[in-house]
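Participant: Let the hints inform the model, and build the full structure from the sequences given.
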Amino acid sequence: MFQHGREEAAGALLDLLDASGQAYRVFPLHETGDVPDETFSHLLVLGGTMSVNDEREFPVLSEEKACIRKMVGQKRPVLGVCLGAQMIASAFGARVSPSHKETGWSDVTWTGAVPGVPLSGRLRVFQWHGETFDLPPGASCPCSGDAVRNQALWYRSALGVQFHLEVTREILDGWTAGLDPAARAAITGEAYRALPGSREICGTITRAFIEGAYVHGA
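Numbered by our numbering, the letters in the sequence shown go through residues -4 to 213 in order.
It is worth saying that the hints were derived from the structure and are not from the lab. Zero decoy hints are in this set.
Calculated pairs, SDA-like style, for lysine to any residue (alpha carbon to alpha carbon, straight line, at most 20 Å):
hint : residue 1 : residue 2
1    : K65       : D32
2    : K65       : M(-4)
3    : K60       : P131
4    : K60       : D32
5    : K96       : W170
6    : K60       : R71
7    : K96       : A172
8    : K60       : K70
9    : K65       : V30
10   : K65       : G88
11   : K70       : I205
12   : K96       : I166
13   : K65       : F87
14   : K96       : R179
15   : K60       : T27
16   : K60       : E33
17   : K70       : M(-4)
18   : K65       : T34
19   : K70       : P131
20   : K65       : I205
21   : K60       : P31
22   : K70       : S36
23   : K96       : T44
24   : K60       : E26
25   : K96       : A178
26   : K96       : G125
27   : K60       : L130
28   : K96       : S139
29   : K60       : A89
30   : K70       : V210
31   : K60       : T34
32   : K96       : T183
33   : K96       : T171
34   : K60       : P23
35   : K70       : E58
36   : K65       : V210
37   : K96       : A181
Facilitator: Encoded structure:
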């Protein structure tokens, strides 16, 4: 698991991995600055405050993209969240650029068929981003939004989601601490209703990731 900042924790993803019994390691790339020279069975790429285009300032981003390409070339499952999804797109030549800034709870529509991911229709998810990705050649977009179209991408053994399926109440409290009181109250107030559904979405996608269900040719 690649982590890009202290505040960008795995949250609900970590809880689900623990419950599954799946062994894992967390690599704090914001501290080490290097991608470990190891072979992984799975790769989970979390969010971050930087842009995937900031390779001069953060050279580790180039290493991460190379690692993603290697994993996909070996048909090993990759899951990217927010920055992680943008990283998948960029790794395979797609553009990542500024977008309408999405902050808070919003509806997205899951319309694509991804093996092992039985999601469909309108989903209430948490957004916290200001960039979006184009699709690499051969990739599909199984989920879309009104303000920002591409909310997910599926490419061979890699699945990325623009929204934050890992959010917990603790993560929300930390991220929203700097917002004005009204904006913070709107987000945290809805959390009681929206977090259970978000956790279900997280569970569905995490299980598919662990099982490698969406790996082309698996």
